[in-house]
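Chemist: If you want the building blocks of each chain, they are given just below.
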Amino acid sequence: MSRIYGDPIEVWTRDGEPARFVWRDRLYVVRRALDHWVTSREWWKISEADPGERRFWRVEASPGKDVGTYELRFDTASGGWLMLRAWD
Amino acid sequence: MFPHLHVASAYSLRYGSAFPRDLAARAAAQEMDVLALTDRDGMYGAVKHVQACAEAGVGPVAGVDFALGEPGGGRHGEDGDRVTVLARSGGWAHLCRLTTAAHHAGERGEPRVTRELVGLHAGELLVMLGPRSDVGRAVAARRDERARALLAAWRAAVPDVVVEVVDQFGHRDASTAARMLALAESAGVPSVLTNAVRHLEPGDYRVGDVLDAARKLVPLHPRHLEHSASHAYLKSGKEMWHVALRVCGGDRGRATRLLARTREAAERCVLDPLEVLALRGGRERLHLPEVDGDPVPLLRGRCEDGLVARGLERSSEARERLEDELRIIERKRLSGYFIVVSDITDMIRGMGVRCAIRGSGAGSLVNYLVRIGEVNPLDHGLLMERFLSEGREGLPDIDVDVESARRLDCYRAILQRYGEGRVACVSMMETYRARSAIRDVGAAMGLPPHEIDVIAKAFPHIRARQIRAALTDLPELRDSGLGGHALRTMFELAEKLDGLPRHIALHPCGVLVGNSGLRDRTPVERSLLEFPMSQFDKDDVEEAGLLKLDVLGVRMQSAMAYALGEIKRVDGEDVDLDRGVPHDDGATYDLIRTGHTLGCFQIESPGQRELVAKLEPRTMHDLIVDISLFRPGPVNSDMVTPYLEARHGWREPHYPHPALRPALRETHGVVIFHEQVLRVVDAMTGCGLSEAETIRRKLSTSEGRDEARAWWEAEVLPDFDRETTDRAWQVLDAFGSFGFCKAHAAAFALPTYQSAWLKRHHAAAFFAGVLTHEPGMYPNRVILDEARQCGVAVLPLDVNASGRQWLVERCPPPPPPPGVPPEQDPPRRVGEGYGLRVPFSSVKGISEAEVERMVAGQPYTSLADFWERARPSRPVAERVVQVGGVDALHGLHPGGPRWRPGELTRRDLLAQVGVLERASATGVRTRPGARRTARRGETERGWAGTSPDPPAGPAVQIPMGFTEHIRPGELPEMTEAEAVQAELEILGMDVSHHVIAFHEDLLAAIGVVRAGELLTMRNGAEILVAGVKVATQTPAVRSGQRVVFTTLDDATGPIDLTFFESVQGHCAATLFGSWLLVARGVVRRVGARAVSLRALDCWNLVELDEIWRTEGIGAVRAVLDAAPRDRGGVGGRSVEYGNGYRLSPYADIGPPAGVRTAPRKLWHASPGSSGPPPSAQRRGR
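First to last, the sequence lines map onto chains E and B.
Using this note's numbering, the first residue of the first sequence is number 1, and each one after it goes up by one.
Using this note's numbering, the first residue of the second sequence is number 1, and each one after it goes up by one.
Calculated directly from the structure, the hints in this document are not laboratory data.
Just to be clear, a hint being listed does not mean it is correct.
[Said to hold, decoys possible] Straight-line alpha carbon distances no greater than 30 Å define the calculated DSS-like cross-link-like pairs of lysine-lysine that follow:
#	chain 1	residue 1	chain 2	residue 2
1	B	Lys538	B	Lys496
2	B	Lys238	B	Lys457
3	B	Lys844	B	Lys698
4	E	Lys45	B	Lys496
5	B	Lys238	B	Lys216
6	B	Lys216	B	Lys496
7	B	Lys235	B	Lys457
8	B	Lys538	B	Lys332
9	E	Lys45	B	Lys235
10	E	Lys45	B	Lys457
11	B	Lys457	B	Lys216
12	B	Lys238	E	Lys45
Just so it is clear, the structure is predicted and the values come from calculations on it, not from any experiment.
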């Protein structure tokens, strides 16, 4: 079962892919990217010139020994990351 | 160097957003050496792609992205399967044939292929099965067995199949791609990587979203869109390497092999550009029409016969010219083309269709001799070089004008004669402009249709990208309330669609004439009218080396043909317009000189009426000059005034140099024709006419202009001084691209003269033709009024006298119309003794079949008889009654007292229509064609009750005990005002009275000057005028302003008004928004017999009328005297051309926005209002 969060998180990237992130005061190391996709936004509802896109990563990561699966989202327009879902 | 093999351009209608030229340039910039174009459903952009690639140094690949499925069956539309088919090197013809077959297999506009169909043409094709193919869908659905089976079936049908892997970072894209790759590897099928490109830049996906919504007819909503579209752009080689890595799970070796296989596939498909761009490939590659026998001696023989037939066999000038022309024609291997065209024009004339040559082709003696055209180039000093020359690369194209009403008959005859395999029509792409973009985006945004309609129509015909600029620039839009925030997003989106192709349509005139291999050169689909239509536009067909003939439908030719028919029918006179009419008829030129040219070809616009009045043409040559002068080039370089001054002898003709005298003598030293430009260039450089034409053609682009300038500086002979050289350059420059060729003007002058001759000598028949075919710029009510001015009676609709179209009748001369001074110009009453009968077809909403029945059933004895035998629908029957169609039959006289007991009225008859309908609804109608019997009861009373017909057959019942009885005079008669209102609503024109007649009292009270009195006004006087707005134009003018020319009609003639930008701030909204106008203007005398007005202000007459009724004449005067509020002028920078020519961005944009037809309510009718003219008063409701 996955749980849905939507917490802002801090992410370090390597070659454009998430490598480590801090969520709820714990550091997670990304072991493997399982999936990655991109969606565009409902740009006609927002007024910015470049609405940007949303990049999703589904990764295996671990704060310690236990490996969980997490879905992270990066918004190119705001430059912010969110923790969307976790299977842990 | 990644080769993109799956690329959609803007020619994938409502799908792609990039143009081939930009895609090729981007590919070249990214050092890609191969680029494919695989538009959806067709090869609309293929020639442009090959051309762009050839210019950018990129190897072109051509393909089509087809919908897959059985015609009419299986999954349709957006969700359907698709495959991409590429032509292998040398396979262009196969791709054309498959595309044609796909269009013939599907419904029109829904081409589709099946595996079998592709298999039939697969020899030289490569098929890519991507994620949207049946194989790809099976893989995505994890139906591996099915995917394997489908792939095997494809391999069996097509030798060269590859699996296409795509990853656009969408959800599950990567996993599907990986599985596709695995499938290909296990089946031993090569795989290739593409990006299924739709856009040039990542951000263009927003345009794509709008296009998707417009195409699918759904609102913009995430549910309907491709979320990954932001990655469907032309990615660089590096980006594609990352995609390859992703698809291959990070395995660099696999990724490298995938890209290598992609490259191999690309190399199999690179085309030789010259195979497609045959024009560049040299004469051997041209696609020539088939002729029985050797065309060269055949054409020579026909020309020889022509010399005899035209009486030129002894003319050495003609022989020399013919020899020159034939030499060039034969060198270019075009003899067969001339033979085919002359066969076609012979055939068209043989069908009894009027046919005239137009354009530069009139400059060729060969065309005259083989009877393609009736203009002898030697008579007018026309040059062949404008049409066909050594140095000219392009193909000649001969243009002929035929009757517009018979154009499609001509097409059918050509098709029948040469067969569909050898002939096809040319297509053209309609692109998004402001109105169409607003319509599509409005629908995508979910706006209500009627609001979209109102918004779209508020804009003039401008480009989509001018929308927001126009909202602030144009006064009439500034006041419209459209600039608000709510619509801003919609306008922004609409601007994004600017210039994108929207749909394909039949070109108005181009017909390809080729041989049996035509369909190896071009794909052909069906047009809306089921004509075979090439997917290439007119530029593409020339590039592809295909010869065409332009058969243009000209309404004036139809109008004249109709007029000739009426002359024959009414007067029994056979007029041979082409050979039997002298070209020097004084009376005809008198009519032209006095500016009474309304309705005539080419010379009826306000500007032309002004020009002919100044120029006073007396010969055909004068008409040729007149037509050529009224063009942007001469207007721009100010040729008009010097020419007029020299012509009328107010100034000595000036020749910059004696050597130029021969070229310029015919126009008193002023350059007017392209031909003169060529002669001047030749005289000053000695380069020859052919080379001069090559130079002239360069002037249309700014690079070409610089080149031409350098050439000019280098080549001018030393005998010419600096000043002459510079002045000559200025003229050349101004003229090169905007001038007019004399051959064209000469071809136009003939129908111009013929139309004027008909107007002068057979006015009623001429007007009947003009009213029926509407060739001109004015609405029919203006033509009708002009007919009245000429003394022709206008006869109301009459079920027993009206026909399908306007008919001429002989009738006694009417009394002169009111308001026209008795000292008439002699040509003005030329139509007396004839009348024009309003036809059935002008009744609103009437069907073709109803018209047929009404005509076939004549004569009728009563309304009931008409109802039974013509069987009109109830609304149509009511309209016929309302406009007086049965007045004569029942002796009705509208007007006068409204209550007349015992006398039948139109309203009684309207009620009668209802009664008749109810009776037929209950099954009591007699069968059509049933035997009519005398209707005693009715004829005694003078009107129709229900007909007591005896049973005409077993199925017909007699109406039993008719209970609805209407007593004559029970309902009031219509007033004259109501009758005119009904006419405007139903016929679109005021027949019985001029609309302005109902405002006479008000106009007299405020001192309005009538058109008939304008000539008596002194120059510079400030006056008020009024009338119905009948024409509004915003042509290109020298100053670069948007100038609005408006014509009002006030029952005594036209009044021409000019609104400059300085007054548009306060006038534009009223000017565009009103139908009946009052205007103040300054009189400007423009010739001996013509006057125009410079407008200062204008008002809506209906509003003034209301003020008059409610507040009295004082209030009206106050409104008229109030100083106009300054609301800012017209904005927008004028477009400036290299030669200094300036053009308003809003000039010459087709019919302007605003009210052009009568509004529903012309008179204010509140009870108790005082003072309306009695004739217009409505009592009660």
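Chemist: Now tell me if each hint is right for this structure.
Modeler: Against the structure, the hints come out as follows:
no.	hint	result
1	Lys538/B x Lys496/B	holds (26 Å)
2	Lys238/B x Lys457/B	violated (48 Å)
3	Lys844/B x Lys698/B	violated (51 Å)
4	Lys45/E x Lys496/B	holds (16 Å)
5	Lys238/B x Lys216/B	violated (34 Å)
6	Lys216/B x Lys496/B	holds (18 Å)
7	Lys235/B x Lys457/B	violated (40 Å)
8	Lys538/B x Lys332/B	holds (20 Å)
9	Lys45/E x Lys235/B	holds (27 Å)
10	Lys45/E x Lys457/B	holds (26 Å)
11	Lys457/B x Lys216/B	holds (24 Å)
12	Lys238/B x Lys45/E	violated (33 Å)
Comparing the model with each earlier hint shows violations of hints 2, 3, 5, 7 and 12; every other hint is respected.
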